[in-house]
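*Asks:* Residue numbers (my numbering), protein chains in the order written: chain Z, 1277 to 1742; chain F, 519 to 1505.
Treat the hints as calculated values from the structure; they're not laboratory data.
Any given hint could turn out to be false.
Cβ-Cβ distance ranges computed for the label pairs, FRET-style [what the hints assert, rightly or not]:
hint : chain 1 : residue 1 : chain 2 : residue 2 : range
1    : F       : 822       : Z       : 1585      : 50 to 60 Å
2    : F       : 1122      : Z       : 1352      : 45 to 55 Å
3    : Z       : 1531      : F       : 1067      : 47 to 57 Å
4    : Z       : 1734      : F       : 1351      : 13 to 23 Å
5    : F       : 981       : Z       : 1302      : 57 to 67 Å
6    : F       : 951       : Z       : 1396      : 53 to 63 Å
7    : Z       : 1352      : F       : 810       : 22 to 32 Å
8    : Z       : 1303      : F       : 981       : 29 to 39 Å
9    : Z       : 1441      : F       : 1046      : 29 to 39 Å
10   : F       : 1099      : Z       : 1734      : 58 to 68 Å
11   : F       : 883       : Z       : 1303      : 35 to 45 Å
12   : Z       : 1512      : F       : 1162      : 46 to 56 Å
Below are the DSS-like pairs computed for lysine-lysine, each with C-alpha atoms no more than 30 Å apart in a straight line [as the list claims (entries may be wrong)]:
hint : chain 1 : residue 1 : chain 2 : residue 2
13   : F       : 960       : F       : 636
14   : Z       : 1444      : F       : 546
15   : F       : 758       : F       : 546
16   : Z       : 1444      : F       : 1303
Here are some, though not all, of the chain F residues that point toward chain Z, as calculated from beta-carbon distances under 8 Å [stated by the list, open to error]:
hint : residue
17   : 949
18   : 953
19   : 956
20   : 1071
21   : 1076
22   : 1082
23   : 1164
24   : 1173
25   : 1178
26   : 1183
27   : 1240
28   : 1287
29   : 1291
30   : 1292
31   : 1418
For clarity, every value in this text was computed on a predicted model and none was experimentally measured.
All C-beta atoms in this analysis are idealised placements derived from N, C-alpha and C, irrespective of residue type, glycine included.
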Amino acid sequence: MLSLSLILMLSCDGQLDIVPQDVLATEIAITSLDDLETALLGAYATLRRNGLYERAFVMTPDALADNLRIGDSNGGTLRIQANWDYTSGSDSDIGTWEDAYVLIFRANTVISNADRFEDGSKKNRIVGQALALRALGHFDLLRYYAPDYNRNSTEPGVPVVTFFEIGKPSRNTVSEVYDQIFSDLSASAVALGDVDAEIESPAQMDLRAVNALQARVSLYAEEWQDAIDFASSVISASSLANAADYANMWSDDFAADELLFTVVFASRDEGQIGSRLYDDDVPTQITASLPLSSDMALLYDQVNDVRYSSFVLDNRALGNTDAFILFKYSGRNGERGLHNAKVLRTSEMYLIRAEAYTNLPGQDIAAMADLNALRASRISGYVNENLTGTALVEAIALERRKELVAEGHRWFDLRRTGGDVVRGGECAASALTTNCNLFVGDVKFTYPIPLDEVLANPNIEQNTGY
Amino acid sequence: MKKRYKLLILLGLTLVISPVFAQNKIVKGTITDGDGEPLIGVNIIVKGTTLGTISDVEGNYTLSLPENLTLVTYSYIGFEVQEIDVTNRSVVDVQLLDEASTLSEVVVVGYTERDRRKLTSSVATVNSEKIERVPMATFDNILQGASPGVLVQSGNGQPGTAAKITIRGPKSFSFNETGGALYMLDGNQITAGDFAAINPNDIASVSILKDAAATSIYGSRGASGVVVITTKSGTKGATKIDYHAFFGVSPRPDYNDGLRPLTSAQLIDLQHEIGIGPTVGLPQEQLDELRSVNTNWLDATTRDATIQSHEINLSGGSETTTFYISAGYFSQEGTSLRSRLDRYSLRTKVNYTQGNFSIGSNLYLAHTDAEDSEGEGNRNPSNPFYTSIRNAPYNRIIDPVTGEYALPLSPGENQNIVERIATNDEDRTINQVVAGLNARYKMPFLEGLSAATQWGMSLSQRDNVDYLDPNSVSGQTVQGGQGSLFQSFTRRVRFTGTNSIHYDFTVGDDHAFNIGAYQEFIYFNGKSTNLEVFGLGKVETIAGGAQGTDDNGFIPSFGGGTSESALSSYFGTLDYSYIEKYLLSAGIRRDGSANFGKNNRFATFYSVGLGWIITEEAFLSSSSFVDYLKFRASYGTVGNDQTSLTDSRSTFDLTSYNGQNAIFEGIANPDLKWETTTKINLGVDATVLNNRLNINLDVYNEETTDLLLDVPLSLTTGFDEQRQNIGSLRNRGIELNLTTRNIDRNDFKWTTGFNIARNKTTVLELSNGEPIAVQGGDILLEEDKEFGLLHFVRRAGVNPANGLTLWYDLDGNLTEVFNEANAVDIAPSIPKYHGGVTNTFTYKDFQLRATFNFAQGHSIYNDATRSLYNPTKVSRGSVSTNALRFWRQPGDITDLPDPQKIGTYSNDSGSIEDASYVRLRNVLLSYDLPFPMIEKLKIAGLRIYAQGQNIHTWTAFTGLDPENSDTDYDADYPSLSTYTLGLDVKF
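Construct the complete structure from the given sequences, taking the supplied hints into account.
*Replies:* In structure tokens, the structure reads:
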């Protein structure tokens, strides 16, 4: 027995070459374009994170501004944000900094591994989407953390990351970040113009979605003509949902052509974007951590506007404290709050184009036409209006607010256009909100960079005021 | 050897007394000491009587005793008492052993055993007497206060939860839940959880190896200390049967003042004052009714729990074969409703020796069936200890109208925790096997040369079932709204194989050598599978789950994983002693771990220990003050490979998007290598005052370098941290152990054991010298600073003018703005001193033993109490009576801010509490039935006892239990207080 055991153990050192089993060793993970495509889907999966399209680009911008408010039953959700009490500390972190860079890392994994494969339409299809996701990541970072959105701004933007390295980068200027975003988006558009197969839209970004993103970025950069051109290319290739389809679009029952890009949440485990907006655990007692502000709810034509009937609940009749509740994301298949996040829609393209027109001389008529077209599809019996100048600009901004509520726009639109946050009496009356107005110029309009980053990376310059 | 001429007077006395009694039988003999010299004046007593005699100047004695009594005790000061059965014997010669030789007990030091006198290393032992009869599912708690430098923190009353055992301070920056020590059971590596679950009555001894000379033999695994457990074996002779049983109760816990909730009336008033909460706006009639409810949620979720244990063992053997068999049943309820544990265990141990060959096998089987209290240690509504301080007292348990469980007034925020406990389950079943086979062959051609092999397997299989009843409130909120059942299977298996060659020899009369050469291979494999099904009907198993469709939400989910590791080692030991006075021990071990990259897998660890028994020197050997004195010194290195395979191997993980498979890359560090601890230990062992005082003193310095540390990365990399070998820390400390025999008379004895240890951990070096926040920012590591200081913004109080909280900024100025950048070090989270005192009193057949243990000089961030101060939670439920101190109007001097102004309430130093404590850990009162009664019962022995565990704690901490190993406290399940009655019968 002793000799037997000696024999058994003679070559034990070789047994140390254990290959991990639940994961793929890097050498074998990506050996074909099909593998590269699974890595691309890994980048898409990042979009489900809290700091991206599970929360930070869905309801957070509306809670920071004036569309949503802190309900009496709110146990803490976004209260720091709604009161503009945030610091660089961990309590205040919205996760966008970390999550967007994970998205960028995973997009870079696809882009850098693509070099190993021959060029062609299949590779174009994969790499084109990865470039678009990298641009989306950089752009969403700018939206929260850059002090301004000017195309030529030399203010600190965010570090541009196009390949993996363990480094401590400093912030590129806003202008340099725009350079990278536009460069990635145009490369993406070129690649997606020559693909081997149709991209599964709207779960993934096809050429139409990339153009829509270019339109949005151009609007922020105030590249008006580009915004008009890209929006036009999308509008000509898509349609607005009609009144009948509109409600179904929100319950994810209907694959509306209006949806250009959505982030798919397949099950509750993957995230519930709407769980804080609508709670019907007790059917007689519908509540929300973040109800719709009454000011916002009362903007709609309650009789004729399909948006009101599709997603605004008048809770007053039931005698509950939250007067209005948004049920844009009330849940599908009985799963409360389970919805796909709507990232890009055709209606936004009309609003982008209309707003861009108003910034070009003599284009108010074209702007009004877009606004009328959108309203006509949302309001039954709508009669075209004919506004110009400031009235037109304000009407477009108002329509934007009504159309895109809780889709991650309001805060950035105010930042972009230089608007104050002025909340109504509900805010003042609530014990849970101590601050109700935020005026242009306040440092709180720019979100602080998380302390974890500042501690780990001394080259990062914190935003003013934190 | 000195002749002894004491107690001659007693001799005469006894001779006078003895003829008084009727005599039926005479026993004669001679009494000598270890060297064969006669002992004069030895007390010889017939057990259970006052009959007796003493030996004469020649050591001779003649005892007369009744025919029916056969047990005789022989005692003499400075010598061990012997008890001899004189049935059918008329001549009984007795050799009494010097009590100093109790000190030279055999100590298990890992792969071998050593005479304690010859140790050069620092080893603490806990013998079976202290371990037996522990009224707990986890006997590791008994190590509390038992040995210096061993900090045991349970802080959790869930039956079956392993304690955290830290030996000589933390060795890594991570706050490892189990403390990181290595556990060896009869040569097999086991987990901390397995260790805790061993039947305490099966254990012969526990050795705790501390310094390099003791631990370096475990190479890469010994850095945090090693706990070596040896189980009982059978001995030659007639078969003995022992039966042990005890029964007891653990009373339910009560609120401390800091947690005591408001009454319903107080809470309703407060909600109205602040203007939020579900009672605001209710009609007066309903309010009046709610005011009268006053549910005590802690009472409703706890109970007086019961405990019982039965154990029987058989042991014995012939000249060639010995055996030990034990079977046990242990059952304990927790004080939290539903929590309980039942364990069935079986152990067998067989040894066979024939000539030069010996073989042994041992087997341990255990089946544990337990239910957990949900959400233990979480600030989560499912944790009854959290919810019981969070639930509003105006909520009812049972609706008086319907007779069913009542819904809370605001169901979104509160839940009926009693309903949750009653309708949902968390079951776990654990099956454990530890099996070992060992063999040794003494080479016939060379005296002292032997070869040995040892093979072992430890297997544990765990089956967890979490069930949410479809009709329960929580069961209706899961996907599909019709309950869920989560089942997981985990199997872990570890194989250990060790081959060794030993050579023991002497050169001349003076030089003694023990040499050992070893080869070892360890392989670990763990697998887990889990499944969750939805849409349950009446069948409460996986089979009861419904088929999932896109519409019903019942789609099952699954998960699982595997993990593997391996260790391959070669090592050698040398022990040398010169005239049993100068001692040298040395060890060297080369380990290869699969957890590191190819270039860094192997490392070599070594140690040297020196000992000098000064009392063997001529100048001290005749001292009447010092009986025994030894100096020890050791130096060496030990390693740590506690990291996972994927930390050094770059890999892609799996996920999915839109129903399709997806992958993403993780971060690795191919350069990862061993963490190494260099240990220096100096020690003194002394026995003085005629063996009345025993002293062990150790000082040590341990420096850990190449620490495996998760270094924070710039998030722009796509990762928050990477494991690197960066940083070093130092543990420096002193340990003192005293054992005294205060009174040592025939019928009354009093002994005291006292130990205390001071350890200080200092961070020496960090990645690039930059501070690192750990423990969720509770602690900031900085170079040249003590490790484990709680790092928070200092709360200064409340501004009497406006009710806003005031903090200090870094410069000490008052500010109303909370900013984490103003955080400073407040207080240590690791005890400065800890130790224990045990007093044992023996009077005739009674014994009373009391153990206190203490930990001093540390603080805990009391997160549970903190959340009770939070005025924004008023709407949720029960804030504590602290709420009565809220600032109300200008001029109020108080420490809690205006509840109307949120944002003035933050995580700051105000919730840091001194967690020093002294705990009356254990009191045991036992009575051994005297001999005549035993004989009537026709048994070999009977002991009955009463015991109390965790009887009282003196502390300023306001949470339920200060003995918490975390830096923050989240309403943990408090340690149980247990009172038991038991008996031990020997047949």
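*Asks:* Run through the hints listed earlier and report the numbers of any the structure violates, in increasing order.
*Replies:* 3, 4, 5, 14, 17, 18, 19, 21, 28, 30
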